[in-house]
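> Modelling step: build the complete structure from the supplied sequences, incorporating the hints.
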Amino acid sequence: MSDPGHHSAPSSARPAVLRAASLWLPAGHPWRRLPAIGLVLAVVGLGASLAIGFMSEAARSQLWHSWLVGSLFVLSIALGALFFVLVHHSTQAGWSVVVRRIAEDIMATLPFLALLFVPLLAFGMGDLFHWSHAKEYLNTTFFVIRTAVYFAIWSALAIWFGRLSRLQDDTGDHQLTRRMRKTSLPGLLLFALTVTFFAFDWLMSLNDGWYSTIFGVYFFAGSAMAFFAFFALAVIAARRNGLLAEVVTTEHQHDIGKLLLTFVAFWAYMAFSQFLLIWYANLPEETSFFAQRYTGSWLTAGAVLLFGHFLVPFFLLLSRFAKRNPKALAALSLWLLAMHLLDLYWLVMPKLHPVGLVPSLLDATALIGCCGVFLAAFGGALKRQALVPLRDPRLPESLTFENM
Amino acid sequence: MGLLRPSLPPGEVFGALAEFATPAELYHACEGVRDAGYTRWDAHTPFPIHGLERAMGLRASRLPWVVLVTAVLGAVSGIGLQGWVSTIAYPLVISGKPFFSWPAFIPITFELGVLGGAFGAVLGMLAFNQLPTLHHPLFASQRFERASDDGFFISIESWDPRFDAGRTVDLLRRLGAQEVELVASSSEPAKPGDATTRATP
Chain X
235 MSDPGHHSAP SSARPAVLRA ASLWLPAGHP WRRLPAIGLV LAVVGLGASL
285 AIGFMSEAAR SQLWHSWLVG SLFVLSIALG ALFFVLVHHS TQAGWSVVVR
335 RIAEDIMATL PFLALLFVPL LAFGMGDLFH WSHAKEYLNT TFFVIRTAVY
385 FAIWSALAIW FGRLSRLQDD TGDHQLTRRM RKTSLPGLLL FALTVTFFAF
435 DWLMSLNDGW YSTIFGVYFF AGSAMAFFAF FALAVIAARR NGLLAEVVTT
485 EHQHDIGKLL LTFVAFWAYM AFSQFLLIWY ANLPEETSFF AQRYTGSWLT
535 AGAVLLFGHF LVPFFLLLSR FAKRNPKALA ALSLWLLAMH LLDLYWLVMP
585 KLHPVGLVPS LLDATALIGC CGVFLAAFGG ALKRQALVPL RDPRLPESLT
635 FENM
Chain F
32 MGLLRPSLPP GEVFGALAEF ATPAELYHAC EGVRDAGYTR WDAHTPFPIH
82 GLERAMGLRA SRLPWVVLVT AVLGAVSGIG LQGWVSTIAY PLVISGKPFF
132 SWPAFIPITF ELGVLGGAFG AVLGMLAFNQ LPTLHHPLFA SQRFERASDD
182 GFFISIESWD PRFDAGRTVD LLRRLGAQEV ELVASSSEPA KPGDATTRAT
232 P
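Chains as they are written, first to last, in our numbering: chain X, 235 to 638; chain F, 32 to 232.
Hints in this document: simulated from the structure, not taken from any laboratory.
Since this is a predicted model, take the numbers as computed values, not measurements.
Warning: the hint list may mix true and false statements.
[To be verified] Cross-link-like lysine to aspartate or glutamate pairs, in silico, EDC-like; alpha carbons within 20 angstroms at most: (1) X/LYS561 - X/ASP442; (2) F/LYS128 - X/GLU519; (3) X/LYS617 - X/ASP435; (4) X/LYS492 - X/GLU636; (5) X/LYS585 - X/GLU519; (6) F/LYS128 - X/ASP404.
[As the list claims (entries may be wrong)] So, partial list: chain F residues that the calculated Cβ filter (under 10 angstroms) puts toward chain X: (7) HIS81; (8) GLY88; (9) PRO95; (10) LEU99; (11) THR101; (12) PRO122; (13) GLY127; (14) LYS128; (15) SER132; (16) PRO134; (17) ALA135; (18) ILE137; (19) PRO138.
[What the hints assert, rightly or not] Now the in silico label distances, taken between C-beta atoms and shown as ranges: (20) X/ALA515 - F/ILE139: 13 to 21 angstroms; (21) F/GLY127 - X/ARG397: 56 to 64 angstroms; (22) X/GLY476 - F/TRP115: 55 to 63 angstroms; (23) F/SER108 - X/LEU533: 27 to 35 angstroms; (24) X/LEU427 - F/ARG90: 22 to 30 angstroms; (25) F/PHE131 - X/LEU511: 52 to 60 angstroms; (26) F/PHE150 - X/GLY262: 55 to 63 angstroms; (27) F/PHE130 - X/TRP569: 32 to 40 angstroms.
Each residue gets a CB set at the ideal place from its N, CA and C atoms; glycine is no exception.
Written out as structure tokens, the structure is:
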């Protein structure tokens, strides 16, 4: 099985020599400016948010809620990337080797995204959280410690798998693949626990007294979906810009599209499972969350999520064309990223605006700033290393991968 | 290929069977047969060969459409049955909820959708492959047994509009076949060497 070319037909053979220009970010490539562009966006976006937010008491509350939505948006994409890399190693996946480095570059943003949560912890806690229940768990000290632990674990995992992968580029040591596989399993366990509790702390506890044991999985499902949407966009954009030529093909894009479809369905499965049990039991302490979101324009937002986050993209993504055509998949991915943003907005904002959706300038500036931090870190990682794991033992298998 | 294969009287030529040495030779031969315009033919290999469907010029399978239709039918019947029972046939008030409580109907609607899709996939696959087929004329060829071991074959059936015993055999030879034989139609498994006519060079 080690020789993937054996059963392949002659037409699927690829050139043996890959061009350096498609494996590295070439000098003068526009993507080399991503860190600079990201930094400008971050400074402008976050600076404007702080300037507007500290003008009045009401604006300050809006500021931290908008900041939270923006931070969660980019954080969830990075967490999805970490999940993808962990699953890649633990399942010994072959097809995804050529796109793994892009995912590693996305997950490399995790240590930098921790910075976005520092102002929230330092200044935003009073505006965001009004805990009256479970004081022994929900108190500021323990909350700060937990948040630090989550980010420490995520950053450690991202750095560990990024470093071993880069090390293999230099040494070509096959043992590194084995080491990454072995560490990916405890890594997945840690990932599952930290993401679950992170969602409990930062999203569920916004709604005082409300709890749902499936909530962590719901947040994870949306995160993974958002990651695959961003992943598809990144890969399509890279190929359009002359990167990864003859390395990443329509076949790899097709598989990313399949995973996107999977997590569109998985998100809906989780969202409905949570809704059904609460609706059926009809217990006041549980229904408060949905009662709030049945009010005013939040109900419309929920309906948009039902159709836009699930029904329409689900049926569109069933088609082979939508997954293999770059323009179609890019359009769907952009749409799904917007839906993921609305999902987070729908989770966070009803507490601040109980009667309905109230768009704010701060929503836009905070989002731009958070995306700027994310882009800067992502662009920095892209520049630092090759665009594919150059000496991964499964690289030949991945290069010749085809969907049957 | 094709759902309707005419039944031939025993003894008549069913088609030409050609054996190739390697997957690569078979692959290129398939391109040749495809380009010659044949439509009623098939390739037989012990394992899947990547890209062979393109070399053969096969169109995308219609099976996904069958699955889509049967899955939607399953889901519609699921919600339809529950809705009819709860609102018309035997309406009951359950925990103060409306008769048509759609959230409660979703799990069964989903499951029946999956069930319909699964039935569509399995039965549709059997139908498109004309299975179960208890006997196939190609079984008359002893050599053909190796299609499940180490042999790579192309069979062109005689009801193909372009089929002509002489010219088809010539084409297969030119495409690099090691051996070409004309297989006679039979309704029963033949005794070894019985119904097979070796095409004379």
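> So, for every hint listed, does it hold in this structure?
Here is what the structure says about each hint:
Between the alpha carbons of X/LYS561 and X/ASP442 the distance comes to roughly 43 angstroms, so the proposed pair goes past 20 angstroms and is violated. Taken as a hint, the F/LYS128 and X/GLU519 pair is honoured in the structure, with Cα atoms around 19 angstroms apart against an allowance of 20 angstroms. Between X/LYS617 and X/ASP435 the CA atoms are separated by roughly 35 angstroms; this puts the pair beyond 20 angstroms, and the hint is violated. Restraint check: the Cα-Cα separation between X/LYS492 and X/GLU636 comes to about 14 angstroms, which is no more than 20 angstroms; the hinted pair holds.
A threshold of 20 angstroms between alpha carbons decides the hint, and for X/LYS585 with X/GLU519 the separation of about 15 angstroms falls inside it, so the pair holds. This hinted pair does not check out: F/LYS128 and X/ASP404 have alpha carbons roughly 65 angstroms apart, beyond 20 angstroms. At a threshold of 10 angstroms, the smallest CB-CB gap from F/HIS81 to chain X is about 5 angstroms, leaving the interface hint in force. A cut of 10 angstroms between beta carbons decides the hint on F/GLY88: the least distance to chain X is about 13 angstroms, and the hint is violated.
A hinted interface residue such as F/PRO95 counts as satisfied when its beta carbon comes closer than 10 angstroms to some beta carbon of chain X; here the least separation is about 8 angstroms, so the hint holds. The interface hint given for F/LEU99 holds, since its Cβ lies 7 angstroms from the closest Cβ of chain X, which is under the 10 angstroms cut-off. Interface restraint check for F/THR101: the shortest CB-CB distance to chain X comes to about 14 angstroms, outside 10 angstroms, so the restraint is violated. A cut of 10 angstroms between beta carbons decides the hint on F/PRO122: the least distance to chain X is about 18 angstroms, and the hint is violated.
Among the interface hints, the one on F/GLY127 holds; its C-beta lies about 8 angstroms from the nearest C-beta in chain X, closer than the 10 angstroms criterion. About 8 angstroms separates the beta-carbon of F/LYS128 from the nearest beta-carbon of chain X, less than 10 angstroms, and the hint is met. For F/SER132, the suggested interface contact is upheld, since its CB lies about 9 angstroms from the closest CB of chain X, less than 10 angstroms. A distance limit of 10 angstroms between C-beta atoms decides the matter here; for F/PRO134 the minimum to chain X is near 5 angstroms, and the interface restraint holds.
The beta carbon of F/ALA135 comes within 7 angstroms of a beta carbon in chain X, closer than 10 angstroms, and the hint placing it at the interface holds. Hint status for F/ILE137 relative to chain X: holds, with the closest Cβ pair at about 6 angstroms, below 10 angstroms. Residue-level restraint check for F/PRO138 holds (minimum Cβ-Cβ distance to chain X is 8 angstroms; threshold 10 angstroms). For X/ALA515 and F/ILE139, the Cβ-Cβ distance of about 19 angstroms falls inside the hinted range of 13 to 21 angstroms, so the restraint holds.
Distance hint check: the CB atoms of F/GLY127 and X/ARG397 are about 59 angstroms apart, consistent with the given range 56 to 64 angstroms. Separated by about 59 angstroms at the C-beta atoms, X/GLY476 and F/TRP115 satisfy the suggested range of 55 to 63 angstroms. For the pair F/SER108 and X/LEU533, the beta carbons lie near 30 angstroms from each other, so the given range of 27 to 35 angstroms is met. Under the hint 22 to 30 angstroms, the C-beta atoms of X/LEU427 and F/ARG90, about 49 angstroms apart, miss the expected range.
Between F/PHE131 and X/LEU511 the C-beta distance comes to about 20 angstroms, which lies outside the given range of 52 to 60 angstroms. Between F/PHE150 and X/GLY262 the beta carbons are some 57 angstroms apart, a value that agrees with the proposed interval 55 to 63 angstroms. Our hint of 32 to 40 angstroms for F/PHE130 and X/TRP569 holds, since their Cβ atoms are close to 36 angstroms apart.
In summary, the numbered hints that this structure violates are 1, 3, 6, 8, 11, 12, 24, 25.
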